[in-house]
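Peer 1: Construct all of the structure, not just a fragment, from the sequences and the given hints.
In our numbering, each residue carries its 1-based index in the sequence shown increased by 397.
Because the hints were derived from the structure by calculation, they are not lab data.
There's no promise every hint is true.
What the hints assert, rightly or not - Simulated restraints, written as ranges between beta carbons of each label pair:
1) E416 x S517: 39 to 45 Å
2) D458 x N420: 29 to 35 Å
3) V489 x R428: 29 to 35 Å
4) R459 x M398: 28 to 34 Å
5) G487 x D455: 18 to 24 Å
6) F417 x L484: 24 to 30 Å
7) D431 x S517: 33 to 39 Å
8) L484 x N420: 39 to 45 Å
9) G465 x D442: 31 to 37 Å
Values in this document were obtained by computation on a predicted structure and should not be read as measured data.
No residue lacks a Cβ here, since even glycine has one placed at the ideal position from N, Cα and C.
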Amino acid sequence: MARIQHLAIASQNPEKQAEFYKNVFGFEEIRRIDNPRARGVVLTDGAINISVLYFKQDQIDRGLDYTGLHHFGVFVEDLEATANRCLENGAVAYEELPEEASEVNYRPKRSDKFKGPEGSLFDIADHPWIGAKS
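Peer 2: Written as structure tokens, this is what we have:
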């Protein structure tokens, strides 16, 4: 069964927002990232990956000053079949900047990104997100 394992939150100050979540909820910091797409802090609550990010490109057509839920990620058993179902049901594949080699250390395989109804952005992946419960 597919399940949400990742939430990305757009933030103007991800370090400050991540500190808030760590102090208030006890979320654990997994790592900090800085790549051509975004910089920020990756947290976990022990069940899901929560990435608090300052986005360097506007992936959701709301401008770079947008803050709030950016996209979610769903762990699936069959990436290709699920990607095909996404396309068959009207989703549009979303292309973004390429991954950097350093990202392979924490993302064993690239996830696929789509825009669904009303332009909502989501990822599908056949590997668990770091910090997410498998």
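Peer 1: Which numbered hints does this structure break?
Peer 2: Hints 1, 6, 7 and 9 are the ones this structure does not satisfy, whereas the remaining hints hold.
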